[in-house]
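Q: The residues making up each chain are set out below.
There are 2 protein chains.
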Amino acid sequence: MIREVTATIISIGDELLIGQTINTNAAWLGERLGLVGIRPRRVLTISDEKEEILDALASAKTDVVLITGGLGPTKDDITKHTLCTFFDTHLVRHPDIEAQIVAFFERRGRDPLEANRAQADLPANCTVIPNDRGTASGMLFEREGRVHVSMPGVPGEMKKMMVAHVLPILQQRFKPPTILHRTILTTGMGESHLAQRIEQWEDSLVPENIKLAYLPSPGLVKLRLSTYADRDAEEAIARVDRKVIELRALIPELIFGEGKDRLPQVIGRLLKERGETLSLAESCTGGYVSHLITSVPGSSAYYTGGVVSYANAVKMEELGIPSDMLELNGAVSQPVVEKMATGVRSALRTDWSIALSGVAGPDGGTPDKPVGTVWIAVAGPDGVKSIKGDFPGTRGLVIERSALAALDQLRQRLR
Amino acid sequence: MIREVTATIISIGDELLIGQTINTNAAWLGERLGLVGIRPRRVLTISDEKEEILDALASAKTDVVLITGGLGPTKDDITKHTLCTFFDTHLVRHPDIEAQIVAFFERRGRDPLEANRAQADLPANCTVIPNDRGTASGMLFEREGRVHVSMPGVPGEMKKMMVAHVLPILQQRFKPPTILHRTILTTGMGESHLAQRIEQWEDSLVPENIKLAYLPSPGLVKLRLSTYADRDAEEAIARVDRKVIELRALIPELIFGEGKDRLPQVIGRLLKERGETLSLAESCTGGYVSHLITSVPGSSAYYTGGVVSYANAVKMEELGIPSDMLELNGAVSQPVVEKMATGVRSALRTDWSIALSGVAGPDGGTPDKPVGTVWIAVAGPDGVKSIKGDFPGTRGLVIERSALAALDQLRQRLR
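Residue numbers (my numbering), protein chains in the order written: chain D, 1 to 415; chain C, 1 to 415.
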């Protein structure tokens, strides 16, 4: 049995508690710890008050305790004094660090204030961790087998300190087990139906010592497989790989990528490989699909442009939809969406096109075509195909989910 | 002395600890609690494990304890069972909630699984909080004067539940001191320059017992004024109002709204009042401005549509840009952007049009036109006007900031 190395992250700052700043430091630290096999067990966000900090320090029973924030030169920062109380020590001025602070200010053509020089006052019994990007030093304390590290809250300073100094010390000190993560990205099926479909496969992960997590977001479900990879990293990679191959065989149409892949990127890669181009005709999504596609750097290599045909007049004039077709079927219909797709494809002379027409709501729904009804067509060299989607929810969700479904329709055609 | 009402936020989920998801729920909750006068004292992020949850619940000594996450239908969710242990109770099936779950699925033309129906199993001694957007109910427990509320982790479901049900209950139960907030929305000037420009006005808030917070986001700075309004609400409203009138006189061109106003809504309101219409021609923003405008319900009343002219061929054919104009000036230029605006305005026969052409990056910048160079034109009944913006940053930031600047250009013309 491998002994797990665990960590607590203590984030200090009122701005985090009142929601003025989102705690991205904790997410970044959690990811970095996980990657070296240290398991973050708890994140504690507290205010910059002595009692709160002492209480948080006393409650942290993990191998590693990382503290960020509360080390600036202003008077509301009391972390350093509280660390002295907790670790039964006192502050001493480090002349070498004071010289670095003075030099830091001189490089910027400014004079350090006494408050800045006082950042060289550090607890007598700590190991000082250099700050390569600022004037607040890090502090490392060992007690009862635990390692406590206090770092500044400025993300750039903290990250540099962590990567350059703290992580190497922790790896050397604890030799944590390596955890292997692999994330498979799916779309087109909700969490509970997906869980049912892959239930047997999921059960088969237990004897393989692989843990599965479902991570749903609108239009997507991510499946994260995790396992220890200590004794034999190659074996662990192969063990997870076998299970991923099984999963790919089980739900081939639902998987669009891995890890940090995103649908617009995946489509861009496929189009580039094929040397083909894309255009769009959007109604209910109002430009959102175009926005997703053009958020990818270099998308101008395969995306020529699109038409947002919000008014019927634009559908007729820019996309060549006959007015009697609109009258007969309504704008949210199979013939209209297919004609939108073929119309924009020929107008912009692209290999592929996607068209969407639907009811985004909150108004405009009918018993026949309730809010969330969206027709999606993809036209390509082999003709036009369309599906009718049902994406109920708020206006924002209807737009988000139908956009992802439309991109996925194109992906299926390009596979 | 007003007794402070305090809160703990417990966020459950491994995905938060390992940094796969950033804990935006906690920031949102912290802000919302603060707005009704409840002080968030601590955020605890923990994994989806019984011992961790029990430990977190036992350590929370505040008036309010809000728990999010761990209520989905899949097997890795154990929060509900742990709540039963902590509050000495057991699960009972609620037939009315089961019926709602079945109806929820039927509306989407799907059959609920037993895992979905089991979401109607809820602790016998809790008050059930309705989930208007999903199938996981909220649960409220009272013990030793504390109110514990467990909510789903899906942001849209949690937020709706909080605003519609939980906050009113907490306000009723604890009667926290009333804090009056008023938020003035500005655009067109960065935080530090704005702070300098309104420095004297800001100093004059101190004797009025009004606190000012700068809330910057890309392209916007929100100014939030806060004061206690317990003794005399009318007086507090009038006191803040006087200061807002002074601020409006000081920076009239920078203020585009208040509170929940958004630029696309403000523009929609102005266009509706005038009975006028809008079209768009976007290049570097790739459909994002169109997406912002169509995110507003009812935008089809004034927005007819637009063209995303990513390739030069589309600029020529759909917008009538002469090829020699493109060759002579380049796509990112004043003549081209003005012709894009007048071209789409006449093609879609609208009263107003906005056009954008710029370098979104990360590639494509030149010494002459670096990344972030964006030309914006607005054409209307009184002609076309354009500005050259400089919005450096990542691709996403260039798109966001130039879109907001373009909307603000139209707003200034419509005022």
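Hints may contain errors.
Copies of the same chain look alike in the list, so a pair counts if it works inside one copy or between any two.
Unchecked claim - Capping the alpha-carbon separation at 20 Å, the derived lysine to aspartate or glutamate pairs in DMTMM-like fashion look like this:
1) LYS243 - GLU52
2) LYS61 - GLU51
3) LYS80 - GLU191
4) LYS80 - GLU276
5) LYS211 - GLU49
6) LYS272 - GLU144
7) LYS80 - ASP203
8) LYS61 - GLU400
It is worth saying that the hints were derived from the structure and are not from the lab. Source: prediction; values computed, not measured.
Q: Measure nothing new, just compare the shortest in-copy and cross-copy C-alpha distances for LYS80 and ASP203 to 20 Å and report within, between, both or neither.
A: The answer is neither: 49 Å in one copy and 22 Å across copies each exceed 20 Å.
Q: How would you classify LYS272 and GLU144 at a CA-CA limit of 20 Å: within, between, both, or neither?
A: Neither, since 54 Å and 63 Å both go past 20 Å.
Q: Give the relationship of LYS243 and GLU52 under a CA distance limit of 20 Å: within one copy only, between copies only, both, or neither.
A: neither (45 Å within a copy, 30 Å between copies)
Q: Checking an output row: LYS80 and GLU276, CA cutoff 20 Å. Within, between, both or neither?
A: neither (53 Å within a copy, 51 Å between copies)
Q: 20 Å Cα cut-off: does LYS61 pair with GLU51 within a copy, between copies, both or neither?
A: both (18 Å within a copy, 14 Å between copies)
Q: With identical chains, the pair LYS211 and GLU49 could be close in the same copy or across copies; at 20 Å between alpha carbons, which is it: within, between, both, or neither?
A: Between copies only: 14 Å across chains, 39 Å inside a chain, cut-off 20 Å.
Q: Could you place LYS61 and GLU400 in one of the four classes (within, between, both, neither) given a Cα distance threshold of 20 Å?
A: neither (42 Å within a copy, 40 Å between copies)
Q: Give the relationship of LYS80 and GLU191 under a CA distance limit of 20 Å: within one copy only, between copies only, both, or neither.
A: between (44 Å within a copy, 18 Å between copies)
Hint compliance for this structure: hints 1, 4, 6, 7 and 8 are broken, all remaining hints hold.
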